[in-house]
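Protein chains in written order, with this note's numbering: chain A, 10 to 265; chain B, 10 to 265; chain C, 10 to 265; chain D, 10 to 265.
Certain hints may be false.
No copy is singled out in the list; a pair is fine if it fits within one copy or between any two copies.
To be verified - Below, a list of computed lysine-lysine pairs in the DSS-like style, where the Cα atoms sit at most 27 Å apart:
1) K136 to K250
2) K14 to K223
3) K136 to K146
4) K186 to K136
5) K186 to K125
6) K199 to K14
7) K226 to K14
8) K124 to K14
9) K146 to K14
10) K146 to K53
11) K250 to K14
12) K146 to K127
13) K146 to K223
14) K186 to K250
15) K223 to K127
16) K186 to K127
17) K223 to K125
By construction, these hints were calculated from the structure, which means they are not laboratory data.
There are 4 protein chains.
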Amino acid sequence: MACGKCLQCRTGEAHICQNVEIIGVDTDGAFAEYVVIPESNIWKLDPDIPQEYASILDPLGNAVHTVLAGEIAARTVAITGAGPIGLFAIAVARAVGAATVFAIEVNEHRRNVAKKMKADYVLDPSKEDVRSIIMEKTGGLGVDVVLEMAGHPDAIRTAFDIVRRGGRISLLGLTSKPISLNFSEDIIFKGLTVQGINGRRMYQTWYQMTALLKAGKLDLHPVITDRISMKDFSKGMERLKTGEASKILVYPNGVR
Amino acid sequence: MACGKCLQCRTGEAHICQNVEIIGVDTDGAFAEYVVIPESNIWKLDPDIPQEYASILDPLGNAVHTVLAGEIAARTVAITGAGPIGLFAIAVARAVGAATVFAIEVNEHRRNVAKKMKADYVLDPSKEDVRSIIMEKTGGLGVDVVLEMAGHPDAIRTAFDIVRRGGRISLLGLTSKPISLNFSEDIIFKGLTVQGINGRRMYQTWYQMTALLKAGKLDLHPVITDRISMKDFSKGMERLKTGEASKILVYPNGVR
Amino acid sequence: MACGKCLQCRTGEAHICQNVEIIGVDTDGAFAEYVVIPESNIWKLDPDIPQEYASILDPLGNAVHTVLAGEIAARTVAITGAGPIGLFAIAVARAVGAATVFAIEVNEHRRNVAKKMKADYVLDPSKEDVRSIIMEKTGGLGVDVVLEMAGHPDAIRTAFDIVRRGGRISLLGLTSKPISLNFSEDIIFKGLTVQGINGRRMYQTWYQMTALLKAGKLDLHPVITDRISMKDFSKGMERLKTGEASKILVYPNGVR
Amino acid sequence: MACGKCLQCRTGEAHICQNVEIIGVDTDGAFAEYVVIPESNIWKLDPDIPQEYASILDPLGNAVHTVLAGEIAARTVAITGAGPIGLFAIAVARAVGAATVFAIEVNEHRRNVAKKMKADYVLDPSKEDVRSIIMEKTGGLGVDVVLEMAGHPDAIRTAFDIVRRGGRISLLGLTSKPISLNFSEDIIFKGLTVQGINGRRMYQTWYQMTALLKAGKLDLHPVITDRISMKDFSKGMERLKTGEASKILVYPNGVR
Numbered sequence: 010m011a012c013g014k015c016l017q018c019r020t021g022e023a024h025i026c027q028n029v030e031i032i033g034v035d036t037d038g039a040f041a042e043y044v045v046i047p048e049s050n051i052w053k054l055d056p057d058i059p060q061e062y063a064s065i066l067d068p069l070g071n072a073v074h075t076v077l078a079g080e081i082a083a084r085t086v087a088i089t090g091a092g093p094i095g096l097f098a099i100a101v102a103r104a105v106g107a108a109t110v111f112a113i114e115v116n117e118h119r120r121n122v123a124k125k126m127k128a129d130y131v132l133d134p135s136k137e138d139v140r141s142i143i144m145e146k147t148g149g150l151g152v153d154v155v156l157e158m159a160g161h162p163d164a165i166r167t168a169f170d171i172v173r174r175g176g177r178i179s180l181l182g183l184t185s186k187p188i189s190l191n192f193s194e195d196i197i198f199k200g201l202t203v204q205g206i207n208g209r210r211m212y213q214t215w216y217q218m219t220a221l222l223k224a225g226k227l228d229l230h231p232v233i234t235d236r237i238s239m240k241d242f243s244k245g246m247e248r249l250k251t252g253e254a255s256k257i258l259v260y261p262n263g264v265r
Numbered sequence: 010m011a012c013g014k015c016l017q018c019r020t021g022e023a024h025i026c027q028n029v030e031i032i033g034v035d036t037d038g039a040f041a042e043y044v045v046i047p048e049s050n051i052w053k054l055d056p057d058i059p060q061e062y063a064s065i066l067d068p069l070g071n072a073v074h075t076v077l078a079g080e081i082a083a084r085t086v087a088i089t090g091a092g093p094i095g096l097f098a099i100a101v102a103r104a105v106g107a108a109t110v111f112a113i114e115v116n117e118h119r120r121n122v123a124k125k126m127k128a129d130y131v132l133d134p135s136k137e138d139v140r141s142i143i144m145e146k147t148g149g150l151g152v153d154v155v156l157e158m159a160g161h162p163d164a165i166r167t168a169f170d171i172v173r174r175g176g177r178i179s180l181l182g183l184t185s186k187p188i189s190l191n192f193s194e195d196i197i198f199k200g201l202t203v204q205g206i207n208g209r210r211m212y213q214t215w216y217q218m219t220a221l222l223k224a225g226k227l228d229l230h231p232v233i234t235d236r237i238s239m240k241d242f243s244k245g246m247e248r249l250k251t252g253e254a255s256k257i258l259v260y261p262n263g264v265r
Numbered sequence: 010m011a012c013g014k015c016l017q018c019r020t021g022e023a024h025i026c027q028n029v030e031i032i033g034v035d036t037d038g039a040f041a042e043y044v045v046i047p048e049s050n051i052w053k054l055d056p057d058i059p060q061e062y063a064s065i066l067d068p069l070g071n072a073v074h075t076v077l078a079g080e081i082a083a084r085t086v087a088i089t090g091a092g093p094i095g096l097f098a099i100a101v102a103r104a105v106g107a108a109t110v111f112a113i114e115v116n117e118h119r120r121n122v123a124k125k126m127k128a129d130y131v132l133d134p135s136k137e138d139v140r141s142i143i144m145e146k147t148g149g150l151g152v153d154v155v156l157e158m159a160g161h162p163d164a165i166r167t168a169f170d171i172v173r174r175g176g177r178i179s180l181l182g183l184t185s186k187p188i189s190l191n192f193s194e195d196i197i198f199k200g201l202t203v204q205g206i207n208g209r210r211m212y213q214t215w216y217q218m219t220a221l222l223k224a225g226k227l228d229l230h231p232v233i234t235d236r237i238s239m240k241d242f243s244k245g246m247e248r249l250k251t252g253e254a255s256k257i258l259v260y261p262n263g264v265r
Numbered sequence: 010m011a012c013g014k015c016l017q018c019r020t021g022e023a024h025i026c027q028n029v030e031i032i033g034v035d036t037d038g039a040f041a042e043y044v045v046i047p048e049s050n051i052w053k054l055d056p057d058i059p060q061e062y063a064s065i066l067d068p069l070g071n072a073v074h075t076v077l078a079g080e081i082a083a084r085t086v087a088i089t090g091a092g093p094i095g096l097f098a099i100a101v102a103r104a105v106g107a108a109t110v111f112a113i114e115v116n117e118h119r120r121n122v123a124k125k126m127k128a129d130y131v132l133d134p135s136k137e138d139v140r141s142i143i144m145e146k147t148g149g150l151g152v153d154v155v156l157e158m159a160g161h162p163d164a165i166r167t168a169f170d171i172v173r174r175g176g177r178i179s180l181l182g183l184t185s186k187p188i189s190l191n192f193s194e195d196i197i198f199k200g201l202t203v204q205g206i207n208g209r210r211m212y213q214t215w216y217q218m219t220a221l222l223k224a225g226k227l228d229l230h231p232v233i234t235d236r237i238s239m240k241d242f243s244k245g246m247e248r249l250k251t252g253e254a255s256k257i258l259v260y261p262n263g264v265r
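Let's have the full structure, built from the sequences with the hints guiding it.
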């Protein structure tokens, strides 16, 4: 919920509002029985978009925002982390013309979903030499773009190792741990652009998402690994902990 | 053939070199028995790209340059004119995530090829009310982007009629006739960006083309309507005049 | 007054709102005894900005919007038309690092004010060969940027004649007359970017104006040629018609 | 010396050439009796530019490249480090319309030169609470842009503390020490853009420098603190070590 009055809100950057309040953090969120939402935070779902996608537009928006935060068409792209947002990012990057998509993920279940999302290469950093493979597949150049969605220090380290000179790293994954960088080698000599990506642009990202979904450019079904009834809520939480579920849809009145 | 020494050449804009010489215009071109070409004008075909595409990279480059001259992902796009470059532009726009592609073309043969290139809508301006249809399909907004590739005054007029406020018109099609515009209504109130597109960026466009072709993102075969042997050259020229051929490939030693 | 709900309003382009209503055109304006203005259209004047500048922020905003609509630092710039907005544009272009500013204006009074605004060259197109002079002063290249603020067909024609290959023309001046262009020669071969500029960005332009004025980067006093009391309103209108006044400030309770 | 053949060289990014060789590092440099330089590395000094500026175009280019690597007009800017490049950056930022320039530097001599370069505020981080002062002067917002030119971990830390949400940090200063960042707090939540800046753009920066110098927009004399004869070379080196000299010009045949 953006304030609408700060510099950022008034210059098309409401997603980084200085006084932002987050539904579910600063106010009751979707786990409450009732929530009050400002009219300006409601986005009407286009009738051509599958209804169950409504529940995953928030993380899809993160993916769309990150992928489209710089040039992407005809570029090689690596996505570190294949949680739901990383998985969505695979679909979005492919839909908007990324030439090659590398997905990097330690969790086997997630790697399998990444394959279903049609990443060109799905790499396991715990067993494979990610940098060597990417260097080989890119003719020794490195990737044009890294979308960092793991929020893990190792993944962030990898991002700087595999990006080409003049490339872009867009950081979305959160981590509480401080990370050490050699600014000269990692950023300056390479002439990198490193972006912090927060939330979704209001409302550019929403228009973009709607346009892509309506046109049928994104098949997100592999990310929805489970559909449960509200009464099975705790089982759903258990499933999440196993790392074998990506997105779990909860149906109030039973799965349809 | 760019001079390499003017402001444009030295600031990454060699495609609009002040002293450009065009092979086939300023020097002998591909119809001569032998031609001399500077080393810097040679682009090595990646072995993963179908060899016959080598002969159409020049117009494909025009299409890639035009499509990628501004934001295109998740946008609605109209392409006026479905000659070879317009047809290629359909494929490129789709490959890089245009949400909806309208192709506008009077020639029936070309409209048929436009359908094979998978334009979402193929419109005949001689029989259909293009503006009404586009306004209806875009919720009364108009398209985000127009790629003008007909070089005909009517098409240029249409471009300004169907683009939305704040949209982009990229002009590639050449016309010798002066065209009359009401600058206030057509450009200023709408806050348009109108771009003149010339040639292909050296060498950004070539890297982009290579990346898209190598990744298999572009199926250009429908545009190659004829394959002939060199000895049937004059028949090929006749075919072109009928308007029923798009690109004709000429094989020196017989069609393979 | 932007609607706040259309695509343009919701993607940072409220200045080209589809449903815009203009105060003074669609509603009573500043010549009415009382006007009602939405809270969102009020901009609080920073106390460090001279109070009389408050009355000229609207046209200054047009100038700031136009100058900053593309790269300007270290560029050569021609401004066609030295009415109030053109005059402001001279000051803004200089303040943000334009290397050379050419002002082109037929009216002698305005040319004199243009000199006071410190344009590097002030040219009279009715007597001087503007194109030759600009070509000579730019080493045969033409200017990087033209800001068209005259709204006269001759000035628009000049804009296309003096801009360099790959340059920018930003059109602000309105004209009701259709203008004829040879698109191939005038736009396409040159690889130009032609922009329609409308109003002021909400609110980016206002922040920019405030920052420049507050920092003392703009001396606009030469443009305020007259200060009159409200009771001399009709005399002020007469002065405007002579073409010898640029901006006339009207003081409700007598000039202070 | 760029290779001219890699992706970066061929897409207008020769300043981050993959195979770059640096004169003075990879080959004999300006301390050798004779050096061989490729023709393409020679830039002819415009006769309107003071001849002694020729010797400082290299670091001036770093400053111009860094300042113009993003939007700067009407922005608040902090420059961390007032060595020669930082000092030049003050002049450049002012010339291209930065609204307010903060210079941050521990060395007293350099702070004095920074004042002569007309920074709006010159702060000593060893004695002043830089963050508090900047927050106060920017209405609690932070600066729009930080140009990091100190290459010191404390300065880099400061850069992240004083930049506003959505701001830009351009890193030029080199440091061999690893620096620890909290990516979530420092980059992601703030939606920052962090750029590594290397060298000077070939040749865009050179055109920009020439245009600014030729137009008299930059007074660099305060940075030239010493002029010595070649025979006093060792004394000059001693002066540099005192930290009291910024740029020392060495005249082969005696100071003129």
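A quick look at each hint next to the structure:
For the homomeric pair K136 and K250, the shortest alpha-carbon distance inside one copy (23 Å) is at most 27 Å, but the shortest distance between copies (51 Å) is not. For the identical chains of this complex, K14 and K223 are inter-copy neighbours only, at 20 Å across copies versus 32 Å inside a copy, given an alpha-carbon limit of 27 Å. Taking the shortest alpha-carbon separations for K136 and K146, only the intra-copy value of 18 Å comes in at or below 27 Å, while the best inter-copy value is 50 Å. For a Cα distance limit of 27 Å, the shortest separation of K186 from K136 inside one copy, 24 Å, qualifies, whereas the shortest one across copies, 30 Å, does not.
Taking the shortest Cα distances, K186 and K125 never come within 27 Å of each other, neither inside one copy (31 Å) nor across copies (42 Å). Taking identical chains as interchangeable, the C-alpha atoms of K199 and K14 lie at most 27 Å apart only when they sit on different chains, with a minimum of 17 Å there against 38 Å within one chain. Proximity of K226 to K14 under the C-alpha cut-off of 27 Å is restricted to the inter-copy arrangement: shortest distance 26 Å between copies versus 35 Å within a copy. Taking CA atoms no more than 27 Å apart as the test, K124 paired with K14 passes in neither setting, with 44 Å inside one copy and 35 Å between copies.
Taking identical chains as interchangeable, the C-alpha atoms of K146 and K14 lie at most 27 Å apart only when they sit on different chains, with a minimum of 20 Å there against 48 Å within one chain. Taking identical chains as interchangeable, the C-alpha atoms of K146 and K53 lie at most 27 Å apart only when they sit on different chains, with a minimum of 18 Å there against 42 Å within one chain. With identical chains, the CA atoms of K250 and K14 are never at most 27 Å apart, being 40 Å at best within one copy and 41 Å at best between copies. In the homo-oligomer, the alpha carbons of K146 and K127 lie at most 27 Å apart inside one protomer (17 Å), although the nearest pairing across protomers, at 30 Å, exceeds that limit.
In this assembly of identical chains, K146 and K223 lie within 27 Å of each other by CA distance solely across copies; the values are 12 Å between and 33 Å within a copy. Taking CA atoms no more than 27 Å apart as the test, K186 paired with K250 passes inside one copy only; the shortest distance there is 21 Å, against 39 Å between copies. Within a single copy, K223 and K127 get their C-alpha atoms as close as 20 Å, and across copies as close as 17 Å, so both meet the 27 Å cut-off. Within a single copy, K186 and K127 get their C-alpha atoms no closer than 31 Å, and across copies no closer than 40 Å, so neither meets the 27 Å cut-off.
Taking the shortest alpha-carbon separations for K223 and K125, both the intra-copy value of 21 Å and the inter-copy value of 21 Å come in at or below 27 Å.
Checked against the numbered hints given earlier, the structure breaks hints 5, 8, 11 and 16 and satisfies all the rest.
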